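K.L.:
Read off the chains here:
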Amino acid sequence: MLAACGLESAEELFAHLPDDVRLKQPLALAPGISEYEIVDYFQARATENASQYASFLGAGVYAHYRPVMVDTVVSRGEFLTSYTPYQAEISQGTLTTIFEFQTMICQLTGMEVANASMYDGSTAVPEAALMAARVTGRNRVLVARTVHPEYREVLGTYARYGRMSIEEFGYVADSGVLDLEELARGIDGQTAAVIIQSPNFFGIVENVKAAAAIAHKHGALLVMIFTEAVSLGILEPPADADIVAGELQSFAISPSYGGPYAGIIATKEKFIRQMPGRLVGETLDSRGNRAFCLTLATREQHIRREKATSNICTNQALIALMATVFMSVYGKEGLRELAEQNLAKAHYLSGKVKPRFSGPFFNEFVAATNGRAPDEINRALLKRKIIGGLPLARWYPELENCVLLCATEMTRREHMDEVGQAFLPVPQAA
Amino acid sequence: MIKKVRPHITQNESLLFERSSPGKKGYQLPALDVPDIDPAAVLGAANVRAEIEGFPEVSEVEIIRHFTRLSTWNYAIDLGLYPLGSCTMKYNPRVNELVARLDGLAWAHPYQPESLAQGAMEIMARLEAALADITGMDAITLQPAAGAHGELTGILLIRALLEKRGNPRKRVLIPDSAHGTNPATAAIAGYAVENIRSNDRGMVDLAELERIVDKDVAALMVTNPNTLGVFEGNIRSIADILHKKGALLYMDGANMNALVGIARPGEFGVDVMHLNLHKTFSTPHGGGGPGGGPVAVKKILEPFLPLPRLKRLRNRWTFDYNRPRSIGRVRAYYGNFGVIVRALAYVLAHGGNGLRNATVDAVLNANYIRKKLEPFYDLPYKAPNMHEVVFSDERQAKLGVRTGDIAKRLIDYGFHPYTVSFPLIVHGALMIEPTETEGKRELDLFADALISIAREIETDPEIVRTAPHSTRTSRVDEVAAARRPVLRWKPDNSSAKAAD
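Top to bottom, those sequences are chains S and D. Letter 142 of the first sequence, counting from 1, is numbered 142 in the working numbering, and no numbers are missing. Letter 136 of the second sequence, counting from 1, is numbered 136 in the working numbering, and no numbers are missing.
In case anyone wonders, no lab produced these hints; they're calculated from the structure. Treat the hints loosely; a few may be bogus.
As the list claims (entries may be wrong) - Capping the alpha-carbon separation at 20 Å, the derived lysine to any residue pairs in SDA-like fashion look like this:
(1) S/LYS209 <-> D/ALA46
(2) S/LYS209 <-> S/SER165
(3) S/LYS354 <-> D/HIS243
(4) S/LYS268 <-> D/ARG484
(5) S/LYS307 <-> D/ALA46
(6) D/LYS371 <-> S/ARG185
This structure is a prediction, so every number in the text was calculated from the model and none was measured.
Bound-form chain D, shown alone:
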């Protein structure tokens, strides 16, 4: 039975271009306080464009209605549980939005004199210190713009260190359970990728690792807890095997929400890792960014960190550009500062104990979901889980219903689906990460929904296979979208039925 939602009316809305008519305006500029000039005279007639063909012309009311109507077609954390595994969809505190918009921060120009940027630099330094405490690492760079960018920075640091030692080496090892960004990153950094098979417990196989680590291996990229939500209990031995052969251990910190206050990567052999501020540290996911991907390193990698580095000089902060061994910049300016502000606000609000409590709640919530759903869904890996749990659709697949169908049916029950078909080592995966945000009531509704769907599959599989039924948009033809890509609006290309 569907308990959480019932359908309501949504407004139709066409594209802005279809709403446009000549002369409509949603803006007014102040009168110029300097003489007007002829663009063609100062730029040259050849440099001046004709009108921007097709660009919208709409009124202010139309604009607010347009975007408000579209917004109601989205699901969001603000509406309920958003259990995307590995994405850590936790509540985004609104005070963080307010402080990031304070004039002195939001309007700070990256090139304003350091004497007029001390507040911004202090914020960055304070977050660096907090992240060093949380990870147990020695130094932090806040420059990378998101997780994958952090990965690239981390692998370039490893490469720089190995080059300094005389040989950058050739291969990066990546478990078959890893996020796709890991192999893509290693390839961009100029390394060959070697996948290593997980053992029957879903973990890195020590014997296999021992066998393949040689003097051509630069690093292992490991996610811990891994994408099954399982802590790699042998992490110290993994580090030892690598270090003995002169290779380094990279940790993908996507799942750090399971460890904050409980264990520190710097104390279990990790040499370099990234954090996702938009996951562990509550900054909004925004429909797909912006994120923040700070990188934490041990002392041996510190000299290679991107330029510039914050430095305390007498009683003030300054940027140090004189670092000859640095890999250089990975981004202009200093990072996604607005995201950094929000992450620090989250850290300050929680404090050390509060952060640890959040971890405990996140792990408890995942274990509660596991307990509730284990009788109904196959759990391929039985090791204790941390902040997320991965089921498979094995039982349901026998009745012709796959994880993707179950996900779509969850929508009818008022939830965003879990992560579908990932990690790849689980056939037909349902990857569920509830986060600490949820209380028992929402978790029960979610578990009840999945239990109810499991029963539907036994009695009426068709209703699941054709879901969702209650959304304004029914199942979307993604195959047609890829076969005949329509990637922009044109006055005449819309063969589809417009929304109004």
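This is chain S alone, in the form it adopts within the complex:
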């Protein structure tokens, strides 16, 4: 091949580079290693992490069983090693699964259109806020303090430079639901969006309809966030929202120390042109057969450049496929049954550890530690190979001695009993 190129050595390929940009020494990286050594290295790292622990962590990342079918499908090279389906004639596999994904997200959320995926739930929030700003021509955003704190931080980062102003509103101290009165006082004619989460960060189901009514009265859009997609199997779909943005990690996506996950944005048909992200549409091929292709690309960066609705390009297609397979496996009855099991487990746990808030919750809730330091309880649990609840003081100083406890279909009764024991008040010495 060198000879065909008229070269004597491969080094000549780089002869045109200016001498002062050439790397003069080898990279410091160690020499390459074999497949066996690679597996060995990562196995050693995996062992340094928690393994064989029961966990009560949720807070946006949930431990749900992953049906075998999921990795079986996404491991097929035709899905794993293809790229964005620009060439529709040889990408019908990917395109068809995305069309099914978009459909199922609409069915779940009560929205009319859904995109092919966003990076994750957290980045879907600023994308939804920016979309609402474009739709309304306004720039003020009100976000509930019961939205995932890290999602709010991401929103803050995007907003700081994007000409949006963000203000937060609180929750009702005893019930943990968003404070509709504070929202009603804060909203005005400059408000583009009201952003709420349901179930909220405390696990509590919000009154989406009431929040939407307040937003709509002032011409603002209601953006509803979800982090626990399994809840959609049992909760009334947020059809009153204008934009639904969420995280699908619960749908057979490994927790994987925080990613990769898949976010979505779903909305009403009338807002399609302001929607970010890829969309797949149905059409015909030249022989009249049903076919799918990427569509409405005039919203996107590769066509519209600086006038695009978002800069997103590569998204989370394979992860969205995991969610699609998951939804197919559980289906209509299964997702309901799965949601009911989560509900039952969390409510069993709430019989052992009293919830701090009175609002209705799905599969996680806030528990007070009876005056003891959360770390002390968690240390005791760790000794029994149980990872306890997430201490909340880091984001909510007013919840200093509170943790967020989550139970899913994978949580076992005996572990919940142990957590209940650990929360019992320490007996006072006589």
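Please arrange chain D on chain S, whose structure you already have, making use of the hints.
P.N.:
For chain D alone, coordinates are given in the frame of chain S:
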């Protein structure tokens, strides 16, 4: 002559919704070990939904057949050369998939105690160190989820630094050869975009740059090698012009596969850049993600990196949140960790020398393709190319056949098309990036296919204009799709002929 493929039967398959019938199931949950409860009693009847209308009800066998059949309608790297320019479609090693699925990594919760996450943190730290070595930069954040997200992070870092210096400035300069994500990113970060024209060699014009850089310019976003596959030989002078006026140099690292082990952006004046783990570092493209878009910076930008930062404290890793000058988070948690694991596996497998060899092979492959095709296709920019080569359809267009047609005809020859009609500075572009993955045999088949198509255009252009002919789906009506968008299945909206 078509040598690489011959047609075979593919299975028809309808949508899952059309396969559904009430009561079919593909799952079984364990019996509850706690008392069942009435949802309406604990949630309130108003909060409980009716059934999910239209949601699939299918059996396990139907599910595996459904997705397997659909998969066979895709082209993929595993089937052959996938020469999408600027996308770096290289082989995705399977050991990477295995290690990312090890229980201790795949089931790690981002909020588990740091004492029980040391393995994950070590992996992240090790990849950060490797990427710093490869780029010659001072610090890395792994948080961005993909290339465009990395770009946004990088431009926000620049903005934060300039603000700290007293003026965030107003404009970001972008060459007309750039990816669309660059201008879209600058706009989201609150900057006005100013396009700069490339010179007749397809490069940034120094005199033009000198003329337009003023105290309102925050940065130049440059791709190097650029989207023609040409190394910007004046990169140091470009950096000097910017730095003299207090502006910064951003490098889009989409084409880093041409430089690893050969040249380091940190040594030629770049202040901040992103990498695409799904391009240069072999993590699977997955039909359009997930990706990974780490950002590498010089010391001056380090204080502004997203929260949290990995920090070594005595003998253990910890996350440092106490960084008052940080731009904040760009994503929840710490990044696409599963992608980070795969990228590190790739780096470990290759080592320093292996990575350099991959670069050499990638550049050699692109030059080989150039040599083979130059007699048949117009090469508008003659500068030496690195890892990709861009032809134009000028000769073929005279016979009424455009780059998009040639691309579709390549499908009949058993290849995924190149990148079509990009970069925009080449009229009718054919942008070809073979990567180091391919051996001579596959490259020859590919070159022969394009040569054969060039001949067909002279003798029978219609066969090219109406391609592909051998796929189960013929040319797709994208115009109709956009004019009358059907974006979800409904029981009654399918006017098209279903697949079975």
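K.L.:
If a hint holds in the structure, say so; if it doesn't, say that too.
P.N.:
So, going through the hints one by one against the coordinates:
no. : hint                  : in the structure
1   : S/LYS209 <-> D/ALA46  : holds, 11 Å
2   : S/LYS209 <-> S/SER165 : violated, 24 Å
3   : S/LYS354 <-> D/HIS243 : violated, 60 Å
4   : S/LYS268 <-> D/ARG484 : holds, 16 Å
5   : S/LYS307 <-> D/ALA46  : violated, 42 Å
6   : D/LYS371 <-> S/ARG185 : violated, 70 Å
Checked against the numbered hints given earlier, this structure breaks hints 2, 3, 5 and 6; the rest are met.
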